[in-house]
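Model the full assembly from the supplied sequences, consistent with the hints where possible.
Take 1 as the starting number for the sequence shown in UniProt numbering and just add one per residue.
Hints listed in this document are in silico derivations from the structure and should not be mistaken for laboratory results.
Predicted model, so just to flag it, every value in this text is computed and none were measured.
When the alpha-carbon atoms are kept at most 25 Å apart in a straight line, the in silico BS3-like pairs for lysine-lysine are as follows:
id	residue 1	residue 2
1	K99	K60
2	K55	K82
3	K84	K60
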Amino acid sequence: MFISFEIAVYCNYNQIDITQLFRIIINIEPAMNKLKHQLLSDISSLDLRRHKSSKFDPFKDEILFLRQNDMGYQDIADWLKKEKALSASPSSIHYIVHKWKSNHG
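Okay, structure coming up:
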C-alpha cells in the first residue's frame with residue numbers, strides 16, 4: 001500500500017496509526033456525501049435570478065385585493081390610471097398578477 005509523505009508525516013505528528021486514519025476517513029465519507037447532497041439541494045432551491053422591481057409593486061396589495069373581489073383586468077387598468085396615474089395594459093396586469101400568485105402561492 002502506498003501512502004503519501006504528507007499522510008505519513010501527519011500520522012507520525014499526531015501519533016495516529018495509519019489504519020486509524022483510514023477508519024476515520026471511511027467513517028467521514030458517507031457523512032460528507034450526505035452534506036454534499038444537502039448543500040447541492042439547498043443551492044438548487046435558491047432563486048438566484050435577478051429581481052427587477054415592477055411599476056406595479058407599490059400597488060401589489062391593492063391590485064390583488066381588486067382581483068380577489070372579481071374586478072377585471074381592464075377595470076384595474078382604468079383604476080390605476082385614474083387613481084394612481086399609472087398607465088398599464090390589461091395584459092400586463094394579468095401577467096404580473098399571475099407572476100405574483102405563482103411565486104408566492
